[in-house]
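Using the sequences and the accompanying hints, generate a full structural model.
Numbering (numbering that gives the first Met the number 0), first residue to last: 0 to 729.
A portion of the hints provided could be inaccurate.
Claimed, not checked - Here are the simulated distance ranges between beta carbons:
1) P157 to D616: 34 to 44 Å
2) R621 to E301: 17 to 27 Å
3) G656 to G424: 36 to 46 Å
4) H431 to E34: 18 to 28 Å
5) Q160 to A363: 54 to 64 Å
6) G322 to A447: 34 to 44 Å
7) D483 to N384: 52 to 62 Å
8) K412 to G487: 13 to 23 Å
Keep in mind that the hints were calculated from the coordinates and are not lab data.
Where a beta carbon is used, it is the ideal one built from N, C-alpha and C, also for glycine.
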Amino acid sequence: MKIHNLVIAILPLLSLLSPAQEPPAAPTVALVAQEHPFFRTAQYPAWSQMTPQQALIDVRAAIVQAQERLTTLAAVTPETATFENTFLAWYEAGENLKQAMNYVYHLHIALGDKDMQHMMNDLMKESTAYSAQGLHGARIAEVLREAATAPWVQQLSPAKQRFVQQIMAQVSDSGLYLPPAQQVRKAQIEQELAQLGFRFSQYVKVGPQMWQLTITDPAMLEGMPEAWMKNAAAVAQQCGQATADKPAWVINLSNSPATAVLRYCKVAETRRLCWQGTVSAGTPLTLDTEPIIARILELRHELATLLGYKNFADKEAARRMMGSGEKALAFVDDMLAKSKPAWDAYVADELKRYSQACGKELTAVAPWDTAYLNRHLPPARSKFNVNAITPYLQADKVISGLMNIWSGMLSIKFDELPTACVKKGEPCPTGHVEVWYPGVRCFTVKDAETGTHLGSFYLDLYPRPGKRAMAWCMPLRDGNPAADGSVGEPHLAALMANLTPPRKGQPHLFNHGEIYMLFHEFGHMMHMMLGHGEIRPHCTAEVERDFVEMPSHLQESWIWEPEALATFAFHYRTGEPLPAELAQQLANSRGSNPIEMHMRMLLCSKLDLELHMHWHDKYRGRPLDEVANEILGPWLFPYTVQPPTEQRTLTYTMSEGYAACMYTYKWCEMLAADALSVFRQQGILNPATGLHYRRTILERGSSVPAMQQIRDFLGRDPQPDALLKLYRPR
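Here's what the structure looks like:
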C-alpha cells in the first residue's frame, strides 16, 4: 500500500475553494529553514526537533507563506503571465505546508504519539478553516484560465503542456467555474460527505464491539473446548450475566470469539446465532450503515452531475487510465465472464465435499456450517505448505537479496548510512543520519553508471507499541530537477512494516507472507526513488490511481520466481540453497487455488461500480442486500442464506480513497501480470529488461499518461487475459 502525498488533499483546498469573502491580509513571515525543522531544506530531517509544539509553529508559518504566494499569483495579469508564475506557482504555493504535514502524519503513524495525534487534528482543523476562506479562489481560477489559452502555452515542452492540462482539469473539477449558487451547494455536499465518511468508519469500527450472545444452557455449546468454555464463563461473570449459582457463557467477537463456535460447536442453532454475530458489522444487529451508504451515494451522484458528469463513476474515472465508468465495468464484467468456469468448478467441488460430509446431496450449504464441516473434511485440493520455505528466509539475506535483485535489474546502487536516534537538544553524531526510532535504517539510491544521488529511504520494519499495523510506503519529500534538467534534490521516503523482529538466541527469519509485503512495498519505493521529470510535479509517483499499484504488484512477483529465490533463499543453519523442487512447488502454488480471493475482489469491484453508476436510476429506495444479491447473483456461492453485503463495511469505497474504483486493484494486477510476462520471456533477472522498465515506467513519474507508459514497456496494448494466465500452475 502506498500512502499518497497530502498535497492531493491540501493544495486544491488552499487555492481553489469557493470564493468567499476575502480574509484579512496575513502578516508577512520570514521563513528561515533552520527555525522550521518541518520544512528545512537539508536532505535528512532532524526528527528530534519535530515536536508537536514545533509542528504547530511550522504549519502555521507555512499557511501564512501559502497565503502570500497565492496573493502574488492572484496579481498576475495576462501580460505578465508565464508558466512559472501561474501553473508552477499554483503547485508550489503550499509546498512547505505539504512537506510539514507529510512529516506530521508520518510521525503520527510511525510512533503513535498521542500529543502528535492531537496536534495533527488541530492542524487539520486550522488548515481546513483557512481553506474554507477560499483565498483569491475566483481570481486565481481566472488567472489560470487566461494563461491556459495564451499563445505561449503552445510553445511549452510536451511535459509542461501536459501539466497545464492536469492543472486545468483539477480547476474544473474544483467547481470554480460553476455559478456561485452551485459552488455553495458543492461545498455543502463535500462537507456532508466528509461527515458521513467519518461516521461510516466509526460504525464499522465500533459496531462489532456491540454484539454478544449469552448462553445459559451448556448443551447449546456441545463440542466446545474446555479452555474456551472457562473463558466464556469468566467473560459472563465480568459482564454480570452469570453468578456462581447461575452459570452462563458470553460469546463475542474478541475474547470469547464466535469464530471458535463456528468451528467446534455441534449445535447448528448455536452456530447460526454466532454466524449472525460474525457478519453483524454494519447491520441492524449493531450499527446499521445502510442509511449512510444510501445518503453517500445520493450525494456523490449529485456532486458528479453538478460538475457535468453522467455519474460518480465517470467523474472518478475521467482522469484515470479507464476514462469512464462504463469502460471500468466492461473490464470487470469481462474478467468475471472469463473466471466463471473456474468459479463454477470450485463451487461444484465444494458442494460435493459438503454433500459427502452430510450424507446427502446438497445444492446449497448453510454459511454457519462450512467452518464446522471443514474441520472434518480433507481440503478440496492438496495445498503447498508455504511455511516449508521459512527456514530459508533469513531476514538479513532477504533484505540484501531484495536490493541486489533490483540494483542489478535497474542499474542502481544502494548504500547504507549509519544512523542515530537522539533526544531533542542532543547533536547527531558526525557522519550519521538521524532517525525517529532506534534501529531504523537509512539507504541512498544512486545511479550505478553516473553515481547521481537519486533518493534516500528509511527502513522501519518491526512492530512496536503505537506504530500503525500492516505495511506501507510513505513519500516524505519529492525530488526536484535542477535547472539543466538533471537530478537536483533527491527524493526521500520511508518503507514501514511490522515484520517478525529479531529475538535473542533465535534465528531471525521471515515467512513468505512477510517477504510478499516487503517486495510489494519496495515496488512503490522504486517508483518513488526513480521518478524524474522536467518539472517537480512530474517527479513523483502520483500517477493515475488505476496505475499506482502496478509497480508494487509487479515487483512482488519475484518472491515466486525460482531464479530470484536462488539469490537469497538459504537455510539459516546449513547455508544450503532452497531446493529446486521446493522452489518449483512454491511457484506452482501461486496458481493452485486463487479463485476465492480473485472472485471476491471482482465482485466488490462490480458492486462498487454498479452502485455508483446506477443507484439514482435503478436501485435507490431498495434494500441494499437485495440490490447486492441481484447484481452479483450469478457469481455468489450457493448458501442457504446469503450474508449481508460486504458493501456495508467496505470503508475503501465509502471513503474518498477508492470510491468507484475498487476495480483498480485487479486492473493494476492485470497490468503487472502482463509486464511480468515480458520479464519471463526475456529472463526474470535480465538487466536489459529491467533497465527498459526503469526508463519507460519508473523514471517517468506522471510526465506521460500511464497508458502510454505501459504501451512503451510492452510494445503493445495490455492484454487482460494475462491476469488469468498468471494463476495457472507453471
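Each hint, compared with the structure:
1. In this structure, P157 and D616 meet the distance hint of 34 to 44 Å, their C-beta atoms being roughly 40 Å apart.
2. Checked against the hint of 17 to 27 Å, the pair R621 and E301 passes, with Cβ atoms roughly 19 Å apart.
3. For G656 and G424, the Cβ-Cβ distance of about 39 Å falls inside the hinted range of 36 to 46 Å, so the restraint holds.
4. One distance hint, 18 to 28 Å for the beta-carbon pair H431 and E34, holds here, with the actual separation near 23 Å.
5. Separated by about 58 Å at the C-beta atoms, Q160 and A363 satisfy the suggested range of 54 to 64 Å.
6. One distance hint, 34 to 44 Å for the beta-carbon pair G322 and A447, holds here, with the actual separation near 38 Å.
7. For the pair D483 and N384, the beta carbons lie near 56 Å from each other, so the given range of 52 to 62 Å is met.
8. Checked against the given bound of 13 to 23 Å, the beta carbons of K412 and G487, roughly 19 Å apart, stay inside it.
Of the hints listed earlier, there is not a single one the structure fails to meet.
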